[in-house]
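These protein sequences, in sequence, are chains A and B.
Residue numbers 1 to 203, in the working numbering, belong to the letters of the first sequence in order.
Residue numbers 1 to 79, in the working numbering, belong to the letters of the second sequence in order.
Do not rely on the hints blindly, as some may be mistaken.
Using 27 angstroms as the maximum straight-line C-alpha spacing, the simulated DSS-like pairs for lysine-lysine come out as follows [to be verified]:
id	chain 1	residue 1	chain 2	residue 2
1	A	K135	B	K47
2	B	K24	B	K7
3	A	K13	B	K66
If you're looking for bench data, these hints aren't it; they were derived computationally from the structure.
Please read these numbers as outputs of a predicted model, since none were measured by experiment.
Take a look at the letters that make up each chain.
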Amino acid sequence: MNPHIDQALEILKSGDPQAFEQALETLQSAVYSFGMKFCGNREDAEDTAQETLLRLARQLKDFPDARALAVWLYKVAKTQCLMSRRKSKFAPAQMLSLDALMPHPEATGHTGVQSWEITPEEIVLQQEIRDKLEKAVLALPKHYRLVLILRDMEQLDTREVAEVMGISEKTTKMRLHRARVYVRNALAKYLHRAPASTEASRG
Amino acid sequence: MADRRCKHLFAALSKYLDGELRAKDCRLLEEHLKGCKPCVAYLESLKTTVQACQKYRVSNPPRPSKEVRAALLAALRKR
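My request is simple: use the sequences and hints to build the entire structure.
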């Protein structure tokens, strides 16, 4: 679970006015970031943060612990994102077939794994790789995208993701694997010709 | 990564990375990996992808609106 949400709830419960701004900004950042990753544009991410936090204000007393708050926040944010006005221009609505995602040497002439030379440290430093990652995530069908964002980017555990999504843990794991393979394949193609670039981040 | 054994194990790679694979399946997968370089390379690339996702950050989130701040402050005062 996102440790910042835990901290924010403790601050809100303490009623410390000095720390209120910090808690508020933590929650705003968490929900806005989730919205950016899912929707891919600032307007929808801002709407998601605004609507989710206004609902939180109405239900603040109902949360026994940070886990319950995190699951609730992501559930509401997910619903807001799915209602967003600006649909992703990348995302198809179909299912992902594992068989179609698996590399086939006979079709490509290679295994699709030999040119993966970039390290985990390098991958987050290159703006072009960031852009490709963002596009790959946005190109995922929405229910796969949500699972990948919640599990790998927001770092909820499988049970929490299943709860947010309203699906079984088995389905969560299946969608997560297919989403990861899809993104991996999208990045692998790019890495065949990706030049090194300078660090930058998305605003 | 084309034989039938690879296809079967391919579906289990994420569970393996997440430590969610049953002990018996884990042993089978690790046995296979000892003799299958394409599967090892694919597993590494999948791991790198997951790590890239984990390290991805959205920068410069906007400050909360006045409306949100006022609503949350009011909610806290009622508690």
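Is the hinted pair K24(B) and K7(B) satisfied, with a Cα-Cα distance of at most 27 angstroms? Holds - the C-alpha atoms of K7(B) and K24(B) are around 18 angstroms apart, at most 27 angstroms.
Going straight from one Cα to the other, do K13(A) and K66(B) come out at no more than 27 angstroms? holds (21 angstroms)
Given hint K47(B) paired with K135(A) - CA-CA distance at most 27 angstroms: holds (19 angstroms)
Comparing the model with each numbered hint stated earlier shows that all of them hold.
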